[in-house]
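Student: Here the protein sequences come in this chain order: D and V. In terms of this note's numbering, the first sequence opens at residue 3 and continues consecutively. In terms of this note's numbering, the second sequence opens at residue 163 and continues consecutively.
No lab work stands behind these hints, which were simulated from the structure alone. Warning: the hint list may mix true and false statements.
As the list claims (entries may be wrong) - Calculated cross-link-like contacts (lysine-lysine; reagent style PhoX-like; alpha-carbon spacing at most 25 angstroms):
| hint | chain 1 | residue 1 | chain 2 | residue 2 |
| --- | --- | --- | --- | --- |
| 1 | D | Lys123 | D | Lys72 |
| 2 | V | Lys281 | D | Lys5 |
| 3 | D | Lys5 | V | Lys534 |
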Amino acid sequence: MQKMRVLLVDDETEFVSALAERLNLRGFEAQTAGSGEEALTKVDASQPDVVLLDVVMPGMSGLEVLKRIKKAHPQVKVILLTGRGSWEGIQGVRDGAYDCLMKPIQIEELMQVMTDAVEGKEKNDPLKENESCVN
Amino acid sequence: MVSWLRHKLAGFFGSLREFPDYAQSPERYKALRRNIVIKMLVVTILPLVLMGLINHYLYRQTMQDEIVRPLKILVNKTKHSFELFLAERLSAVSFIASSHTCAELADSKNLSRIFNVMKKEFSGVVDLGFLDPNGVQVSYDGPYKLQGKDYTEQDWYKEARVRGSYISDVFLGYRRLPHLVMAVERSVTGVCLGCVLRATIDTNRFMELIAAMRLDPTSDAFLLNKNGVFQTPSQFYGQVLETFPMPLPPRSYEPNVLEMKDNHGREVMVTYAYFEYLPFILMVVKPRSQLMRAWYTLKTEAFFIFVGGVLIIFLVIFKLADTLVQRLEESDLKREAAYREMQESSKLASIGRLAAGVAHEINNPLAIINEKAGLIKDLTELTPDCPQRQKLLPLTGAILQSVDRCRTITQRLLGFARRMDVSVEMLSLNEVIEEVLGFLEKEALHRNIDLQLNLVKDMPRIASDRGQLQQVFLNILNNAFDAVDDGGQVAITSFEVDINNVGVTIQDNGQGMTQETMTHLFEPFFTTKKGHGTGLGLSITYGIVKKLGGDIRVKSQLGMGTTFTVFLPKKALALSGE
Numbered sequence: 003m004q005k006m007r008v009l010l011v012d013d014e015t016e017f018v019s020a021l022a023e024r025l026n027l028r029g030f031e032a033q034t035a036g037s038g039e040e041a042l043t044k045v046d047a048s049q050p051d052v053v054l055l056d057v058v059m060p061g062m063s064g065l066e067v068l069k070r071i072k073k074a075h076p077q078v079k080v081i082l083l084t085g086r087g088s089w090e091g092i093q094g095v096r097d098g099a100y101d102c103l104m105k106p107i108q109i110e111e112l113m114q115v116m117t118d119a120v121e122g123k124e125k126n127d128p129l130k131e132n133e134s135c136v137n
Numbered sequence: 163m164v165s166w167l168r169h170k171l172a173g174f175f176g177s178l179r180e181f182p183d184y185a186q187s188p189e190r191y192k193a194l195r196r197n198i199v200i201k202m203l204v205v206t207i208l209p210l211v212l213m214g215l216i217n218h219y220l221y222r223q224t225m226q227d228e229i230v231r232p233l234k235i236l237v238n239k240t241k242h243s244f245e246l247f248l249a250e251r252l253s254a255v256s257f258i259a260s261s262h263t264c265a266e267l268a269d270s271k272n273l274s275r276i277f278n279v280m281k282k283e284f285s286g287v288v289d290l291g292f293l294d295p296n297g298v299q300v301s302y303d304g305p306y307k308l309q310g311k312d313y314t315e316q317d318w319y320k321e322a323r324v325r326g327s328y329i330s331d332v333f334l335g336y337r338r339l340p341h342l343v344m345a346v347e348r349s350v351t352g353v354c355l356g357c358v359l360r361a362t363i364d365t366n367r368f369m370e371l372i373a374a375m376r377l378d379p380t381s382d383a384f385l386l387n388k389n390g391v392f393q394t395p396s397q398f399y400g401q402v403l404e405t406f407p408m409p410l411p412p413r414s415y416e417p418n419v420l421e422m423k424d425n426h427g428r429e430v431m432v433t434y435a436y437f438e439y440l441p442f443i444l445m446v447v448k449p450r451s452q453l454m455r456a457w458y459t460l461k462t463e464a465f466f467i468f469v470g471g472v473l474i475i476f477l478v479i480f481k482l483a484d485t486l487v488q489r490l491e492e493s494d495l496k497r498e499a500a501y502r503e504m505q506e507s508s509k510l511a512s513i514g515r516l517a518a519g520v521a522h523e524i525n526n527p528l529a530i531i532n533e534k535a536g537l538i539k540d541l542t543e544l545t546p547d548c549p550q551r552q553k554l555l556p557l558t559g560a561i562l563q564s565v566d567r568c569r570t571i572t573q574r575l576l577g578f579a580r581r582m583d584v585s586v587e588m589l590s591l592n593e594v595i596e597e598v599l600g601f602l603e604k605e606a607l608h609r610n611i612d613l614q615l616n617l618v619k620d621m622p623r624i625a626s627d628r629g630q631l632q633q634v635f636l637n638i639l640n641n642a643f644d645a646v647d648d649g650g651q652v653a654i655t656s657f658e659v660d661i662n663n664v665g666v667t668i669q670d671n672g673q674g675m676t677q678e679t680m681t682h683l684f685e686p687f688f689t690t691k692k693g694h695g696t697g698l699g700l701s702i703t704y705g706i707v708k709k710l711g712g713d714i715r716v717k718s719q720l721g722m723g724t725t726f727t728v729f730l731p732k733k734a735l736a737l738s739g740e
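Isolated chain V, as found in the complex (with noise of 0.2 angstroms):
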């Protein structure tokens, strides 16, 4: 499993790292592109979230602590006011029963002194009565009519008996209105055994005391007692004596806090605590959204914040990522295109070198035999009886037209590999093109050839250097007049290309060129017109195109005819010596 983990993730992490081995293909830079954006996304990113997301935990812990406590204390608060409320009241029943005979509390003037006594210190005592060992009240003071009512078959008498002191929760009983019964049994003596008495309790007072927690009106409070019956009315859950419609809370004598949705679909906060000794449990409802509100907006802001950030990011990462692999993508092709031009220009000059070497040692031969004809030929043209005149004559003839013409090559040979001394003038472009015409008219006449000349009128002067210059539009000429047939047509449109330079534009509707032609087109010794051609014309015209710090560009297309434009600098670079 682990290694196999790691085989993955070495994998994965291998891709990041490794670029596709086709270098300069599109998809080189496609990768490093976004190898670029995930492993700076990742870097970024990935703490920010996780920075965002322990904040966040942080944050909501604190915000819950510092909204909880509170409302535990009040709760905590609460449920003592009414153990307190409660206890008072039950010690006082308490005192009475224990410190009066039985015959003291049966009696109902008696019964009624204790009771006005009790009522002035004492608030939310309803009434007071006195029960006999058989259940039946024997004395009473209250505003109901309840003297001589039998209790044996109510549960607060049953559970008085039994444990000797109880608090009822709250019931409706015989006055048909919800109270609540604290009543104790009178242990004192084995006389009166069994003798009960009880007091009622008014639930307003219960009201009273959540009225003084102060809650705010989404808010609810109330209390219930240990079957979910409400003892006190809610504001939104029900009345008294109905049923808590939730479930209820898990018991617990400290206050909780249980987060829940209610019955009305409300998101809330239980804040709750049972009573010990009491059947009740104190329960305080607030609705999340208002408690956490101040949570919900800084929440919200932070969110915003975070997708903000992210998003710029994401942006910045975009971008820059974007410009770097441009960037380099540029630089790696200009950096192509110098190796290029290097190794093309590397290329001539060493051939030209060789070429310039061939030259010479043809050359010295070539005087040789040169002489010898000629010298041949001088004493053949003295002696007017050498047999052989007629024969020999036309023979050296031949000899020394065979020597011309190979003069002519290393002559060439050695123009295209010499150091051209560049003789720079002002002149017009337009002028040396016309000069140049001026050549190739007849030819033009002869065999019906279209020339079509658009030279730009106000063609600036240039500096450079007038025979060069006619020497290669002379071949580019030479070369486009030998590619159309007899009636073709050859344009030739000199422009103006920007501050720095003019070009001129040769097009002919020839045979055009092959591709592979075209690679080899500026090549010393490359050529098509087989028999005639040295294949010097065009690499000796590039190389002065070069050495005037020019450019020659060449579109072809088989069939359809060629186009030579030569831009050339305004200011030709003057390479003195070399």
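In isolation and in its complexed conformation, chain D is listed as follows (with noise of 0.2 angstroms):
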């Protein structure tokens, strides 16, 4: 089975290198990038399966980058993460995002997720049943 490809963007850099360690320990195949310009410039040269992408970062935010990538790479999954219950999370999964994450997140859940977008599962209304995002 082919490894899962995933890009983890978020200007916290020893929050992404140690979560990208951690998925490659299960069998993911994960990269990192530290701003909004580095992950397009990752996506377009390798289009990974799926991008973890913050929503709040310094320079170009992750709203952005999320319209950008949808845009150029309909077909990569994007799954976003927040430090706030916010709206911007659901804005985001209006925009394409498969859905909202909060941190700290648990990698279980992280990696269900994760399986699920890649495999297409159906998302329901976010704005009725996203809990992990808004609570």
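Make one complex out of these two single chains by using the hints.
Tutor: Okay, here's the thing in structure tokens:
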């Protein structure tokens, strides 16, 4: 079975590096990016299966990056990460993100969501069901 | 003195103008009501009273003039009639005295002839007599036998001798009947010096003159002499030659009016005039009540109208002041309540924003801790010969557990602060309560808590958010369960408040709360559960209920228990995007 390729985007490098290592240990192929611009370059270069994208970043915001990825590579699944349960997450889901998760994340939950995303499972109406992001 | 008065006035008006400093106290409204009433009464009743008094005075004056003038005219006319009557007869006597010689007058036959002519021409003449210089009546004609009588000791004779002519007042004389004498001394020639011609006048003629005044039966008119002796009989005060029982009025030849109380205690108006050349006073006495009857009627009517007006003004002013102050009090209360609510909600909102910021800032480092600890755990698990494996695994486990606890807290904080999405559906409140109780049944059983469920059967379905309501009732019920001891009691009652609202009461017989606790009950981070409790449960509950357009009220008594009442609108406010 082919490894799932994941791009982790967050300005908190300590967070992404540790998470990438943990995912790699679990059989994923994870890369990291420290900014929106870097993320776009890496997506163009390697077209990962899933992009895990922090909403709040200096420079280009997560939502902007999301729009550009979805425009250039609509097949790439994007899962948003946020530190605050805000409307931005829900906005992101409306703009084409598969889901929105709240930091700190549990790795098992993250893996499940990524698997669901790649397998193309339908997400329900985010406004009603997206408990993980808004609660 | 002036400055003292000014100071006093300033003090009084100052107290009217300024309110006591302790605003919002009932004293303020009492003072306000009093001030309004006093000021309005002053500005309405004072002019009314002044106008009433002025009107009263002027009208009374006019009325009195209207009544008094005809009386004066009448008295004056009658007085003139008397004077004319007597003057005519005196001139006749005077004419006879000077146109005849002493011898002619001393002759009885001659005198009789003259008397007969005179009686025809002048009514009221009773007899005629001629006195020689010694005062002896030498000739006489009339109904009495008075010839040869000596009059030297009679007052009228002396007066006539001194003055030349004289009209006496009424007296009895030799005939023992009231009559009046007019005498003229002949002074034409030296021969007859000292001879006097006298005539007697019948006082019945006086009564005719008085009767001609045509007074009503309650009034009285009579003639007095200047010593107050009746010359004509009076209806109420005495007979001829008796004395008038009241003091005589001051001398006035013009008709004058006096108001006094007579000897019977009646209020009377006395109109009188003194005769200038005669020893008489003409007097008309009328009871005031009769004279002023129209005035009294008017006065009574005016008085009743005045009293009625004042009464209505009083009522209206009191009612008006009452309504005004009540409205003011109500609006003050509303304003204060709105202000407090605003203060409360803005306090909650700012704390909420702060909490959200804090939660966000903590979540990022928390995520790093989580991943680093997770990585350590992963690496340890993947390395079977790791020397400290047995120690490291529980350590990282504990770190991850703590991160989880922090995560719960930050997520709750965000839950409190976040913009809630209200998902409205038609639901049965009773069902929601039963669902929530499903979570708590085990604990109730375990702790032997008596759960009393009084759900009204035909409760209308309401449009609200099921999930949010579950959280609301779960939070309140959790608190109730925490408050009661094992074996305690929790009662849940649902009811319909009115056409627009339903309510649920959750009552426990637990430890209750202090006033201090009640004050901070809905504030975030306020908790009495030391060690376990975020202090967010009730503030979130409060936020949800408010979002849904409802309200929460709490009653509590220390040691007796607490009652939460949640009011919910049948149609929740759909605050989309907020």
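Student: Against each hint, give a clear statement of whether it holds in the structure.
Tutor: Hint check:
no. : hint               : result
1   : Lys123/D / Lys72/D : 18 angstroms, holds
2   : Lys281/V / Lys5/D  : 171 angstroms, violated
3   : Lys5/D / Lys534/V  : 23 angstroms, holds
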